[in-house]
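Please work from the sequences and hints to get the whole structure.
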Amino acid sequence: MPQLTLVQAINTALAQEMERDDRVLILGEDVGPNGGVFRVTEGLQDKFGKDRVVDTPLDESGIMGSAIGLAIGGMRPIPEIQFEGFLGPAYDQLVNHAARMRTRTRSAITVPMTVRVPVGGGIHAPELHSDSPEAIYTHSPGLKVVMPCTPYDAKGLLLSAIRDPDPVIFFEPKRVYRSYREEVPDEDYTIPIGEAKVVSEGDDITVVTWGAPVFQCLGALDNLPEDVSVELIDLRSIYPLDVDTIVESVKKTGRCVVVHEAPKTAGMGAEISALIQENCFLYLEAPVQRCAGFDTIMPYYKLELEYLPETPRIQNAIEECLAY
Amino acid sequence: MTQASASTSSPRAADRPSDGLSGETLCKWLYDMQLIREFETRTMQAYQQAKIGGFCHIYSGQEACAVGTIKSVEDDDPIVLAYRDHGHALARGLSPRACMAEMYGKLAGCAKGKGGSMHMFDKPHWLFGGHGIVGAQTPLGAGLAFAARYEWEVLGKGKKKVSLCYLGDGAIDQGAFHEALNLVSLFSIPVIYIIENNGYSMGTAIERHTANHDDLISRGKSYGIKSIEIDGFDVLNVYDQFKPFADECRDLQRPGFVDLKTYRYMGHSMSDPQKYRTKDEVETWKEKDSIAALASCLLTPESEGGRGCLSEDDWKSMRKEIAEIVRDAVQFAEDAPAPEVGAELYSDVYINPMPQLSPMGEYTHGEKNPLL
Ligand SMILES: Cc1ncc(C[n+]2csc(CCOP(=O)(O)OP(=O)(O)O)c2C)c(N)n1
Ligand SMILES: [Mg+2]
Chain A
1 MPQLTLVQAI NTALAQEMER DDRVLILGED VGPNGGVFRV TEGLQDKFGK
51 DRVVDTPLDE SGIMGSAIGL AIGGMRPIPE IQFEGFLGPA YDQLVNHAAR
101 MRTRTRSAIT VPMTVRVPVG GGIHAPELHS DSPEAIYTHS PGLKVVMPCT
151 PYDAKGLLLS AIRDPDPVIF FEPKRVYRSY REEVPDEDYT IPIGEAKVVS
201 EGDDITVVTW GAPVFQCLGA LDNLPEDVSV ELIDLRSIYP LDVDTIVESV
251 KKTGRCVVVH EAPKTAGMGA EISALIQENC FLYLEAPVQR CAGFDTIMPY
301 YKLELEYLPE TPRIQNAIEE CLAY
Chain B
325 MTQASASTSS PRAADRPSDG LSGETLCKWL YDMQLIREFE TRTMQAYQQA
375 KIGGFCHIYS GQEACAVGTI KSVEDDDPIV LAYRDHGHAL ARGLSPRACM
425 AEMYGKLAGC AKGKGGSMHM FDKPHWLFGG HGIVGAQTPL GAGLAFAARY
475 EWEVLGKGKK KVSLCYLGDG AIDQGAFHEA LNLVSLFSIP VIYIIENNGY
525 SMGTAIERHT ANHDDLISRG KSYGIKSIEI DGFDVLNVYD QFKPFADECR
575 DLQRPGFVDL KTYRYMGHSM SDPQKYRTKD EVETWKEKDS IAALASCLLT
625 PESEGGRGCL SEDDWKSMRK EIAEIVRDAV QFAEDAPAPE VGAELYSDVY
675 INPMPQLSPM GEYTHGEKNP LL
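Residue numbers (my numbering), protein chains in the order written: chain A, 1 to 324; chain B, 325 to 696.
Please keep in mind that the hints were generated in silico from the structure rather than gathered at the bench. Heads up, a few of these hints could be off.
Stated by the list, open to error - Pairs of lysine-lysine, PhoX-like flavour, derived with a Cα cap of 25 angstroms:
| no. | chain 1 | residue 1 | chain 2 | residue 2 |
| --- | --- | --- | --- | --- |
| 1 | B | LYS447 | A | LYS302 |
| 2 | B | LYS599 | A | LYS47 |
| 3 | B | LYS599 | A | LYS50 |
| 4 | B | LYS352 | B | LYS612 |
| 5 | B | LYS610 | B | LYS395 |
Structure representation (structure tokens):
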């Protein structure tokens, strides 16, 4: 089995699905000869031609809106937005059309579109190139939101997303793009949207996270005393959310820390804490902790690692929660 | 690339506005253009040494655009632009030290080192940034000009101003720009949209990213806005055409649209393999380099058609002086303190520190911005 990076796994999944289904097409800024800012679509235009890998003008609203049009017209578009910060101009189309089309037409028309967006910090990029807006899109019923962080999961989830009849925002943690490799099978496989993954099993405390912080959490786990047993959950899908896996784990451990890059206030950590107290109130040994970004604008790179939930801060949060 | 065929219909030689400029003024322009070039060269070095983070967009090649247009307006006419902003900031008077320190992410930077390369601000010099979302600055330009007109006409204060809003050829594809054009025409708002048309939107050549690419001014005209094309490689020509245009927009308090043809020498950003163009293409443009052309004009005696206001020795010592200033800016940025986490991570989000604002850190005002 080949060892692939996240970038390569996504590229492979795109190529395989385009091979399999000729209604699949990619559109975005510089996705063609340039292969996108992060080279995720590299080589695909050579392989599938300009009709299927389309370099668009610089117009996110146009890209998103026409992708929705393509989707309701019978295609399987995969628009790429270069950075999460540039979703702004496309927001109207996403939230007011893609998310609502099924309800508006009472399921007569759906939007089978997968929006690929690099997300998150950690690569020394400036503001607008480092944010984590997953909660914003989760708050818009009608959209599915996923954020795989391993190459294996990325391929399986991307294939699910493209085949899904509803719009999926596929967030790609750019910090992991080339920093981690693992074996990714050549064959076609899918990972269902809405299923979390238990990365490590444990009894003392549950850590829930997704995206690049999964790796920071693994670092924190390494630093903890050996007799502390942590259950680490990688959500993979933000919405729909795998409530069962979280609840089952917290019922077992009685303690939970939620870790995310996005600002703390009204982030997904708030939703997950609420779900935990609704579902396992009597099992809790400690308040649910949130270890997150701050309620400020993501700073330029000198302060970036202070803003992000890095290993020491996560370790602290786990220790505090255990000591409660 | 159809750039080479840019229309350059300058007014007749005898009534060129630039003929009235003193040798001193022209030498200052040369100085400013060379300062930008040198600054960018050192910026690239610092970036390659990983002293500068984030993304870094180099202005080399386009110097005549910023200098020629900015020198055509008053020092207190507002300016707003996109992320390729070092050149305009320097031409407007931002200190090279504050500009470099900003890129280094240092507290002495013009945005306290919190913005970086794309966020050059200098309020005392009426420079309203440096913005990263392509095209999003264009309605801001409308608002700035609206404010200036309101101040003069409604509040009865100040004077007639004209605002400059710069954008790239890629940015004209954004919906926001079209909304801005309609608005400024409808309300007769005195802002000039200057499209620094360098022929590329990142890796996509203009003929592949915009419709009707060889007639951009038809867009301005379609909104009823006076629109002109200017060869942006010759700074005197920029001034000759832009100055009367800007004067008229100021006088009549109405908008303008300029397709300013130019070319960038470096990649889109520092991490651009430039697969979309040939080295030959770049070299062809460099042959008519705007700085070399202006220097040669100033060096050539009047009897031979030049301005004869600069000697080889002056030019040499000017370049030496500039190199020294930029070296000093780099050293300053190197030595300047980084933002302090406790004070700067939670600051500058709101005016009033509130206890509940930042759940994981005490909210403060942080350090005073060096430019305020
Ligand atoms: C809304 C938005 N989309 C995409 C980008 C990424 N991006 C930055 S610059 C650029 C190309 C812009 O080209 P142009 O407007 O011609 O300016 P130039 O770089 O040539 O100065 C792109 C696609 C962005 N910053 N903002
Ligand atoms: Mg351009």
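Status of each hint after checking the structure:
Note on LYS447(B) and LYS302(A): the hinted pairing holds, with a Cα-Cα distance of about 24 angstroms set against a maximum of 25 angstroms. Only pairs whose Cα atoms come within 25 angstroms are accepted, and LYS599(B) paired with LYS47(A) is accepted, the gap being roughly 17 angstroms. The suggested pairing of LYS599(B) with LYS50(A) holds, with an alpha-carbon distance near 17 angstroms, which does not exceed 25 angstroms. At roughly 20 angstroms between alpha-carbon atoms, LYS352(B) and LYS612(B) fall within 25 angstroms of each other, so this suggested pair holds.
At most 25 angstroms may separate the alpha-carbon atoms for a hinted pair to count; LYS610(B) and LYS395(B) meet this at roughly 23 angstroms.
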